[in-house]
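Top to bottom, those sequences are chains A, B and C.
Residue numbering for the first sequence follows the numbering used here, starting at 167 and increasing by one per position.
Residue numbering for the second sequence follows the numbering used here, starting at 167 and increasing by one per position.
Residue numbering for the third sequence follows the numbering used here, starting at 167 and increasing by one per position.
Check the hints yourself; a few may be wrong.
Which copy is meant is left open, because identical chains are indistinguishable; a pair holds if it fits in one copy or across any two.
With a straight-line cut-off of 35 Å between C-alpha atoms, the simulated DSBU-like cross-links for lysine-lysine are [said to hold, decoys possible]:
hint: 1; residue 1: LYS304; residue 2: LYS258
hint: 2; residue 1: LYS258; residue 2: LYS339
hint: 3; residue 1: LYS324; residue 2: LYS258
hint: 4; residue 1: LYS259; residue 2: LYS324
hint: 5; residue 1: LYS339; residue 2: LYS259
hint: 6; residue 1: LYS304; residue 2: LYS259
hint: 7; residue 1: LYS324; residue 2: LYS304
hint: 8; residue 1: LYS304; residue 2: LYS339
Keep in mind that the hints were calculated from the coordinates and are not lab data.
Below are the chains, spelled out letter by letter.
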Amino acid sequence: MRQEAATAQVPADVASLVAAEVARHVSGLRAELERQIAELRERTPEDRAALVVFSGDLDRALAAFVIATGAAAAGLETSMFFTFWGLSVLKKKGARAVRTGFKQRMFALMTPAGTEGLGTSKLNFFGMGAVMLRSMMKEQGIASLEELMAMARDLGVKMTACTMSMDAMGIAKGELFDGLDYGGVAAFMADASRARVSLFI
Amino acid sequence: MRQEAATAQVPADVASLVAAEVARHVSGLRAELERQIAELRERTPEDRAALVVFSGDLDRALAAFVIATGAAAAGLETSMFFTFWGLSVLKKKGARAVRTGFKQRMFALMTPAGTEGLGTSKLNFFGMGAVMLRSMMKEQGIASLEELMAMARDLGVKMTACTMSMDAMGIAKGELFDGLDYGGVAAFMADASRARVSLFI
Amino acid sequence: MRQEAATAQVPADVASLVAAEVARHVSGLRAELERQIAELRERTPEDRAALVVFSGDLDRALAAFVIATGAAAAGLETSMFFTFWGLSVLKKKGARAVRTGFKQRMFALMTPAGTEGLGTSKLNFFGMGAVMLRSMMKEQGIASLEELMAMARDLGVKMTACTMSMDAMGIAKGELFDGLDYGGVAAFMADASRARVSLFI
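Start from the sequences and build out the full structure, keeping to the hints where you can.
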């Protein structure tokens with residue numbers, strides 16, 4: 167190569183000056199650009215999805231689990247944060263509740279005792295909406311809420327019960343499914359602020 | 167400039183040594199930093215917005231289209247995914263439904279037959295809420311749902327009907343507006359995971 | 167160092183030529199990579215969270231303020247956009263309303279006159295749900311809606327009232343809390359499109 171030939175004629179002291187000078191500039195550039203890239207990386211979403219499940223309606227819970235399993239299947243690390251009425255979705259069937267007060271007992275009586283007791287947000291007609299929705303989905307070979315929940319678990323979807331809501335509604339850990347995480351809004355924000363997608367359902 | 171003057175005196179062999187030395191150091195650096203940048207780019211949101219329209223309430227549908235047209239006007243490529251009750255928003259007025267079963271027929275009877283039949287989520291009073299909301303918006307010169315939908319179409323907002331919900335509710339393509347896309351949760355996740363903003367309405 | 171010693175022997179004009187030549191070569195690379203980084207930076211989320219508060223239900227308003235204060239406490243610049251029924255949350259208690267028309271007066275009669283009049287989305291039973299929820303939260307030492315709103319204000323959460331909704335519902339600025347921002351969907355999109363987290367509540 168022409169350059170190699172030319173380079174051969176450069177005195178050793180100049181050659182080493184060039185090498186030193188290039189190394190100095192290049193390492194400065196690298197440090198500066200890597201700092202800029204690191205600053206972006208810190209704010210670039212990770213392959214995550216974070217859902218708040220606020221609603222305890224069957225239809226919204228179904229939508230939440232369809233989206234969660236879809237996100238997990240698409241390769242996103244998916245977390246669901248169950249708060250307020252959404253905690254109903256996590257209730258074990260027939261778990262013995264030890265309520266701390268009258269109001270908590272009243273609330274428990276008025277909220278469903280497990281996923282099979284969830285109503286729809288529309289057309290409820292004393293549970294008819296839920297019965298019809300479940301029956302139509304079954305006929306069409308669409309996964310039920312319980313199947314979707316099992317699928318979510320298998321796909322590694324993280325499910326967190328909101329501890330503030332549990333306190334407010336007097337719900338004990340023993341009433342909820344096993345294998346849950348427990349946390350507050352800070353836990354959700356930690357996931358959501360790094361997620362590509364965050365939804366409030 | 168001082169440096170220009172100095173440069174003029176430099177021998178060709180030194181200049182070409184510098185070029186070679188810089189090229190050698192720099193090509194590694196370029197490759198390394200471009201790899202880091204590409205890795206970030208893959209996770210950096212594109213100029214997109216993705217909305218799930220789950221609700222079939224007039225007020226929520228209005229909010230969805232106000233946000234969608236606002237996002238499109240702000241230069242974001244906007245997509246709306248209509249699922250569950252949200253499919254009501256896409257129903258053509260007076261389309262002939264060919265239901266596959268009794269429950270699907272019941273569901274069809276109980277859900278609105280087009281955008282003009284949508285109720286509000288609050289203060290419904292057998293449709294009074296919707297009538298009042300529409301009338302108040304008209305008086306104030308605010309675009310109606312139908313106007314907003316036309317505007318969204320003109321702005322290139324992509325509208326996708328959820329095929330799983332269509333199956334569950336027994337809704338045929340012929341009952342929905344023309345020019346829609348059809349897809350499942352994977353289609354939504356593909357849009358949402360690249361979007362700056364994603365909302366569940 | 168060996169290189170420093172060698173460098174010392176190179177004539178000053180050659181040394182400054184080398185420095186200039188290296189800088190010239192490296193600056194091209196810097197410009198190219200910084201352009202790529204700047205292009206990413208423009209689309210990289212900032213440390214922001216943006217919430218649409220569409221609902222005027224006590225439970226959803228509580229969730230919105232718990233999330234907003236959580237986001238602000240986590241260091242995100244947080245903005246809340248109150249639209250449709252969400253405007254109820256911003257109403258001053260006992261503000262005199264000057265309605266422009268019959269329908270606006272009807273709407274005002276049917277919507278709560280301040281945060282203490284908000285009902286829950288479920289189990290409302292003519293306000294019983296809200297009374298119970300408030301009472302249970304108090305017993306558990308959980309912040310009330312009014313306390314959360316004060317906290318949000320102290321944490322610098324920006325609250326924007328949707329002017330289009332105010333027009334539609336005939337709500338005047340005097341009826342809402344002081345210190346609010348006013349804007350339309352464009353204001354929300356400007357915040358949301360730069361945010362790490364955006365939710366529709």
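Status of each hint after checking the structure:
For the identical chains of this complex, LYS304 and LYS258 are neighbours both inside a copy (22 Å) and across copies (27 Å), given an alpha-carbon limit of 35 Å. Taking identical chains as interchangeable, the C-alpha atoms of LYS258 and LYS339 lie at most 35 Å apart only when both belong to the same chain, with a minimum of 10 Å there against 39 Å between chains. Taking the shortest alpha-carbon separations for LYS324 and LYS258, only the intra-copy value of 17 Å comes in at or below 35 Å, while the best inter-copy value is 40 Å. For the identical chains of this complex, LYS259 and LYS324 are intra-copy neighbours only, at 21 Å inside a copy versus 42 Å across copies, given an alpha-carbon limit of 35 Å.
For the identical chains of this complex, LYS339 and LYS259 are intra-copy neighbours only, at 13 Å inside a copy versus 39 Å across copies, given an alpha-carbon limit of 35 Å. In this assembly of identical chains, the alpha carbons of LYS304 and LYS259 lie at most 35 Å apart whether taken from the same copy (21 Å) or from different copies (29 Å). Taking the shortest alpha-carbon separations for LYS324 and LYS304, both the intra-copy value of 26 Å and the inter-copy value of 30 Å come in at or below 35 Å. Taking identical chains as interchangeable, the C-alpha atoms of LYS304 and LYS339 lie at most 35 Å apart whether they share a chain (31 Å) or sit on different chains (21 Å).
Violated hints are absent here; each numbered hint is respected by the structure.
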